[in-house]
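Q: Based on the hints, put chain B in the right spot on chain A.
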Amino acid sequence: MKRRDFLTKTFGAGVLASGAISFGNFSNLKAAGASNHKAAYDMVAIRGGEPEVMFDRGIQSLGGMKSFVKPNQTVIVKPNIGWDRGPELAANTNPQLIGRIVEHCVKAGAKKVYVFDYTCDNWQKCYSNSGIEKAVKDAGGTMVPANTENFYQKTSQVGGRRLKEVKEHELILESDVFINVPVLKNHGGATLTMTMKNLMGIVWDRRFWHKNDLHQCIADFATYRKPDLNILDAYRVMKKNGPKGVSVEDVTTMKAQLISTDMVSIDAAGAKLFGLDPETIGYIKLAHEMNAGNMNLDELNINRIKI
Amino acid sequence: MRYKVLKTFRVAVSLIFLFVLSFAFVDFAETLPNWFLGGFTWIQFIPSLLEFVNLVSIASIGFVVILLVTLLFGRVYCSTVCPMGIMQDVVSRTRTWFSKKKRRKRFKYSRPHNRLRYSLMAITALGLIFGAVIFSNLLDPFSNFGKIFSQLIRPLYYGANNILANIMGNFDVYTFYHVETKQSAWAALIYPAAILMLVLWLSFRKGRLYCNTVCPVGTLLGLVSKASYYKVGINSHTCTQCGKCAAVCKSQCIDVKNKKVDFSRCVGCFNCLNSCELSGIDYYPGYGKKNKANVKPNLSQVTVDKGRREVLTKAVGMVIGSSILSAKAYAEEVIPTKKTTIPNDKNFPVTPPGSLGIEHFNDTCTACHLCISACPTHVIQPSVLEYGIGGFMQPRLDYHASFCNYDCIVCSEVCPTGAIMSLTTEAKKTTQVGKVIFEKDNCVVHTESTSCGACAEHCPTKAVRMVPYEGTLTIPETDESICVGCGACEYACPTRPFRAIFVDGNGEHQVAKLPEVEALEDDEPLEEFPF
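Here the protein sequences come in this chain order: A and B. Here numbering that gives the first Met the number 0 is used: the first residue of the first sequence is 0, the next is one more, and so on. Here numbering that gives the first Met the number 0 is used: the first residue of the second sequence is 0, the next is one more, and so on.
Extracted from the complex, chain B is given alone in its bound form:
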């Protein structure tokens, strides 16, 4: 068992990555500092590649590191750094809970699905070259892990937190507090749910089949690993073809019959090395050319019992069902008064501050949803088709859910792809992501002749201010030159179904002027006590 330390190391690193990244996608309290989290997202292959291309910065060479490591040791990335891969290992491991057979009899060799895996990789690569990020968006393992955790697991985490907050509240402890996802688009759950089911099913049945068939990063690193210095291979002199190694191989890439290892599919988990007492399978420099022998494989078929399938289906159903329920829970309150008549005619959705505009954002964002999870006000929500097919699932600012905090730059700090570029707080305050539009004919001051001012109240720059109207009434007046498009006015506006004030996204972000600061005229009463 010379390789025990390798496996222990792999498991330790992978658990740290899995824990930190899954927590990052469900946490609402900004528990992890963003620089720390950045250490874990920096090295994610496609996000890092995209950030490198976008920022042309030496700081974003995580993907180069991965390529070099792969050239040396093979696809260890897939078993240590990639949260999607590690999640599959965990799922695959749970299979033993349902199986009467022993763990070491789990897998057997299977052929690669070369046509499928190379086409998916080629499509993703061509997409990246020609600026269509949609294929990375749909296939990147980190982004899909993010979508699953942000859209499906986060509502469960919030729910558990809220139950805890309720219980503690009964004991007069208010350290825990309620939190809501404010997510209202059901359709945004469909894709993460589909990917989750696919991944769970494949990993439960076939180990790492997803990584070796669907995942473009896995396939690319597989190609690179063909040239790796260190490789796993079978020693034809000592191998007795007992099949123990193949039975623990999640990638199902050990062909005992022909004494060959398809190293392009090996994810570097090192389970096989420890399964062999005779050093029949080994990991050292320059392995590759192997002797062929023709001995019948000594493998037993693994059968699937029905209970296992059922448990899996139910578990997935519960996760998705509860997410849908929580999505529904955020329904807007109905205000029983006269309905407004003029629809809010918006040209563009609003992209997060720092994303420069729709073009840059759509071309760079892989919809990992880390910004959605990190946003303290939950104004960042997944789109469905608001950006069109090419921007499927990319985040947008939803001013019916919340509004963007004037001083906050969290999304620009966590974005791993450079889709939301980093901003200083000062720069944020003049970043205009959209412009305010006032629709007087929807406004209660005009339609009901009563006071309101909810919009102006929330405006951080006074781009919306109340000016004298009829009698003592005041009505909003807007100045789009100092508007940052934070959406506070749209969020606060009480009219339904259409708001009297809303923000239309800027296709390209602009720079707002800073509000002018005027000194006070002294109009205090002269008396000390004017009553």
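So that you can see chain A by itself, here it is in the shape it has in the complex:
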């Protein structure tokens, strides 16, 4: 091969390859795996403080954010931002809490912290009126839109009983760490919405879930996509008219927070905080049956912190 030919060809191949990397879909090669953290506790439960303070104390007892986020990693923080409602209505995750989590990630050396939700109401209004957009920007995170199909990529790895494949937000597939931060609240269809239900905000085709046994689909997805960390915000809790709520009269101030890597445990504990028996909530039972996690709180090593 002549030198000139060689140069032209290698250059061409390089251009092609870099083009393919920038435009192609190689994200599946780098699937965000479940975490292997051996934490001191299975779950941390905190009560009585402001959202940020409770999180500071809670994450500290798990070895700090650095046990979950390594320097230069990309992180997804996924709150519930489903509704065009202010923070006092508790339809969305507490903005102060989200801000503080992003701060911790940045401090732990995260290269990039993305925050998004596939909202039900108009997404710009949800992002701004929830207070989350501002909190995230102030803390050094990036808000990402998620309400159009172009962001979603098909995965047929779900392997559930009803749910076989979904279209999942590409950043979930591309990022290193996935932190799930829902708010605890009443839900007309699913009884309660907590960590497992919150994952409906990372998939495109959620109408399918509603059509094909909601509880089973939630449990199915929980066996496939396991966040590296779950934080359940129960500072303000919408006790009725959920998940969107009508007025502040639906909301009680509970000042609680749960942190765990196990969604099933955290949802079971969340149900108890709410005043319900986890056994009565379809998806918790199903997810436990399918080994997505442990709903038997007696078997867990729980760190209870009172502030």
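Heads up, a few of these hints could be off.
Pairs of lysine-lysine, PhoX-like flavour, derived with a Cα cap of 25 Å [said to hold, decoys possible]:
hint : chain 1 : residue 1 : chain 2 : residue 2
1    : B       : Lys512    : A       : Lys239
2    : B       : Lys439    : A       : Lys239
3    : B       : Lys205    : B       : Lys259
4    : B       : Lys337    : A       : Lys163
Rather than coming from a laboratory, the hints here were simulated on the basis of the structure.
A: This is chain B only, laid out in the frame that chain A set:
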């Protein structure tokens, strides 16, 4: 060239109007404040006239201003304020790109099509008098400009934006985001496409022939301008009948042969004034009676080369084709489960909040589609014949595309005709545009015995709420007295082909009750940590 400043002024104003209005019809980010945009729509003749008649408000006297200005200066409206007119000037200008001949040889005098233009004006006027707004809807230049930009150009703008968002997304920049028109009715593109082709063709070939033949506003202002104080006329003493003025006259209303200007067709572009070095054509008070002279015109024929025609056809084809493609792109996802059996029997389409009801809306809306472009959730979509022939192309709320945001009043702020009257956010929250209907036999809770609750989840007032059903299941229950008809339930309902819950429009809008607010019963567990 004493008149250079007039033309410069005309071009400057017209470009501002064209830019602002075309942007308003394609923008999705509420970039322009509505009060600012209102300044540009306030002065559009037919919308302003309709708003005046409807609201009997001094605030909507834009059309009076236009009439007065026309009485003073002639039809300058057509060359400065009317976006359809300015768009034609732009198109007409592009003709020079394809022509080997010089620009000043573009036009020659032609006779007016009086019978056609006066009949179209009369039909529109009679329609307005007798409450049939359909002729204004079909002929009003502002509304047709709106239809073209909202239905045909907006999808292109969205497409370009989405490509940009993709590229920036690759660089981890999320300032730009994808946006969809959610338009699904192909048939709604036919009329805007037809008007666009007509306007492009006529303006490309014949300058302002559309404005002087089809446009009822042009014809009316033409009649008024016959009595204008300032007029363009030929000075028979200095005119040498060289024909330079007629060659630049887009209205083709300068008859050099007879040294006459048909001022009723003059759109006040002032191009002719600058073409004459001898002040043979002039613009000053009281012109009108002219001397006749009989000298042969010195005009050269303008020929059309075939390439030009082809380029034009292709360009129009591309615009329409891409709009159709984007209309198709919004197809509903197919959900492969048992099909529902009971059709959604709706009596009325849903008109936008603030429009009072179908009668007021149908009588006042000229289908300019500004609300469609401005709607942040894209729930407002063009109708085709949902309202019948009389409401052709008028907007409706399409709950298969999206739903109406509980706190949003944007459409009522932008409407230039008063078809959607202004609403406060508080009033909006009790404006009932339709009522919810629950069809239990289509509902998955009933047919499949599985949980759902998508409808109740989205309901802003809890007019749809989940109540205990069999076992641990909950099923929707509706209370139409607090329903605002926003359509969130219908949008969210997963059953196909028929939904288990839907909104039937209110022929006349009603006032919904505010949802009752009950204090919480304290049912929290007593322990700090109940586990």
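Q: Now tell me, hint by hint, if it's right for this structure.
A: Cross-check of the supplied hints:
1. B:Lys512 / A:Lys239: holds (20 Å)
2. B:Lys439 / A:Lys239: holds (23 Å)
3. B:Lys205 / B:Lys259: Cα-Cα ~19 Å, so holds.
4. B:Lys337 / A:Lys163: The hint holds at about 18 Å.
Violation of the numbered hints given earlier is absent; every hint is satisfied by the structure.
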